[in-house]
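J.: Spelled out, the chains give:
Protein chains: 2
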Amino acid sequence: MKNLLIFGVGLIGGSIALESQKKRMFNQVIGVQRDGGTALSSFVSNGMLDKISKNLNDDIKQADLIVIATPVAQVQNILKKIYPSLSSRTIVIDVGSTKSNIMHFAKEELKEKFSQFVGSHPIAGSEKHGPTAAIVNLFKNKDIILTPEAETDSSKLEMTVRFWEDLGGIIKTMDPLEHDQIFSTVSHIPHLIAYNMVNLIAQKNNTDTLLEFAASGFKDFSRIAGSSPEVWKDISLANKTAILNDLDLFIKEINKTSNLIKNNDYVALEKYFDVASKIRKNWIKKN
Amino acid sequence: MKNLLIFGVGLIGGSIALESQKKRMFNQVIGVQRDGGTALSSFVSNGMLDKISKNLNDDIKQADLIVIATPVAQVQNILKKIYPSLSSRTIVIDVGSTKSNIMHFAKEELKEKFSQFVGSHPIAGSEKHGPTAAIVNLFKNKDIILTPEAETDSSKLEMTVRFWEDLGGIIKTMDPLEHDQIFSTVSHIPHLIAYNMVNLIAQKNNTDTLLEFAASGFKDFSRIAGSSPEVWKDISLANKTAILNDLDLFIKEINKTSNLIKNNDYVALEKYFDVASKIRKNWIKKN
Chain A
1 MKNLLIFGVG
11 LIGGSIALES
21 QKKRMFNQVI
31 GVQRDGGTAL
41 SSFVSNGMLD
51 KISKNLNDDI
61 KQADLIVIAT
71 PVAQVQNILK
81 KIYPSLSSRT
91 IVIDVGSTKS
101 NIMHFAKEEL
111 KEKFSQFVGS
121 HPIAGSEKHG
131 PTAAIVNLFK
141 NKDIILTPEA
151 ETDSSKLEMT
161 VRFWEDLGGI
171 IKTMDPLEHD
181 QIFSTVSHIP
191 HLIAYNMVNL
201 IAQKNNTDTL
211 LEFAASGFKD
221 FSRIAGSSPE
231 VWKDISLANK
241 TAILNDLDLF
251 IKEINKTSNL
261 IKNNDYVALE
271 KYFDVASKIR
281 KNWIKKN
Chain B
1 MKNLLIFGVG
11 LIGGSIALES
21 QKKRMFNQVI
31 GVQRDGGTAL
41 SSFVSNGMLD
51 KISKNLNDDI
61 KQADLIVIAT
71 PVAQVQNILK
81 KIYPSLSSRT
91 IVIDVGSTKS
101 NIMHFAKEEL
111 KEKFSQFVGS
121 HPIAGSEKHG
131 PTAAIVNLFK
141 NKDIILTPEA
151 ETDSSKLEMT
161 VRFWEDLGGI
171 IKTMDPLEHD
181 QIFSTVSHIP
191 HLIAYNMVNL
201 IAQKNNTDTL
211 LEFAASGFKD
221 FSRIAGSSPE
231 VWKDISLANK
241 TAILNDLDLF
251 IKEINKTSNL
261 IKNNDYVALE
271 KYFDVASKIR
281 KNWIKKN
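One line per chain: the protein sequences are A and B, in this order. Going by the numbering used here, 2 is the number at position 2 of the first sequence; the sequence numbering is gapless. Going by the numbering used here, 88 is the number at position 88 of the second sequence; the sequence numbering is gapless.
In short, the hints are calculated from the structure, not lab data. Where hints are given, some of them may not hold.
A pair counts as met if it fits within one copy or between any two copies, since identical chains are not told apart.
[Unchecked claim] Straight line, CA to CA, 27 Å or less: simulated DSSO-like cross-link-like pairs of lysine-lysine:
hint, residue 1, residue 2
1, Lys-240, Lys-271
2, Lys-204, Lys-271
3, Lys-204, Lys-278
4, Lys-2, Lys-61
5, Lys-281, Lys-252
6, Lys-128, Lys-278
7, Lys-204, Lys-286
8, Lys-204, Lys-142
9, Lys-107, Lys-262
10, Lys-271, Lys-128
11, Lys-204, Lys-281
12, Lys-240, Lys-80
13, Lys-219, Lys-286
14, Lys-142, Lys-286
15, Lys-172, Lys-111
16, Lys-172, Lys-204
17, Lys-278, Lys-22
Next comes chain A alone, as it looks inside the complex:
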């Protein structure tokens, strides 16, 4: 593939650019400047990008691969924008943390060209964000979830697999709805809960004292509360059903704990903690 066009040169889009350049995977890596977004010119100077798109319709037409790596709320508009100029050889992928809504938008906006779209979610990230957060090796040995559908063009799917593998990823395929339920539980809920934890402290009248004594447990726990508010606002709304369901289940777990404490049920409380402790210990052995 010759030309790579990236919408959303942030942590993920920028890391795709960096790694592609390092491995000389494309002749040209072009970034799309977002209105009001971080200025991209310095990322041309440092070689992350070959150029910033000047004539977007031309660059869409010439692209072999288009990566949409913006916050998920912007994906639909971008799909709408690329549709008229999209050549039949071009592959379009996204990198969003939600998949049902994105597959839905792709079907709606790309119409008869939907077969050219391969939904992707690299399980790689950081609480850091923006193009300055981009790094090489971000995708090395990381799972890349693809959500192909019956209509997906098989050779385009194959090339997408190869693209992600060239970046270092490990391909897994999944149904979009299953994807959203799984990542609600293991990723979206931990992020929301981390935000809740910091806000619990924020709304107290001794926030500074509390933060003074917050130690390593809080440090690790709250790391993901440093994540991009815009990205996580979009994800929360895009994966609404699964997230609201999991938040309800989470409150049930808290209530279970509260009741055991209220009733001084130390046997059941220790058992409840023990279940979690054993699962976490087994998990960490393998991860």
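Please arrange chain B on chain A, whose structure you already have, making use of the hints.
T.: Leaving out everything else, chain B in the frame of chain A:
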């Protein structure tokens, strides 16, 4: 001080022993074997302890400093046990994560000898536990909260300060109730929520798949869910009032988030995340 007697040779008690030996702070470091606890003989062989207590009443009598580093539910019984043999020169300290209940027990059990007790809480720990988890430098530059009261003997308080400083700690003093409220929010609640998070996954019917896709966010977030179930069961019950109050407040934060998601209130949702993100980022700069 010549003789150090340690009840509870685990992560904290063991690390106190190791560091004291390394810095030759005592002539003798003696560990008390707990019925059914980890056998301590190998920790005499490796020099962490000089001996295991054989005649406990004698060792109590001879001790210059007694450290009670067991899970907090056992502290009262140990105070009761040491009282009859406790010489007037001996300092007694604990290392518990809750302070109001321990100060109360100390008053009750040590009676006229209560002035010899200095409540201590080193803000140092790990999700690892037991004597094999003990390490040197555990207390280096870590806050050590002391909760002296009006009755506390001032020279014994001073010697306790010096003891913790010799171990590398930074002394802060606090009212026991204030301590318990602060550590409910910044330590106890994060631990409970981490246990809740893992149990949310445990009670789903696709636990293995979920754990397969859990990534670095979950890893950091759940680290403290590997903590000792016994220790945390004790802390939960010992700091009941503050913890139940904070769990209620936490549920309110979750409900706030749920409602913003339900109402598609993306402006308020992003703002809510932004408050947390900014606080976390400022905090991490200083920590």
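J.: Please name the hints from earlier in the document that this structure breaks, with their numbers sorted from lowest to highest.
T.: Violated hint: only 17; rest satisfied.
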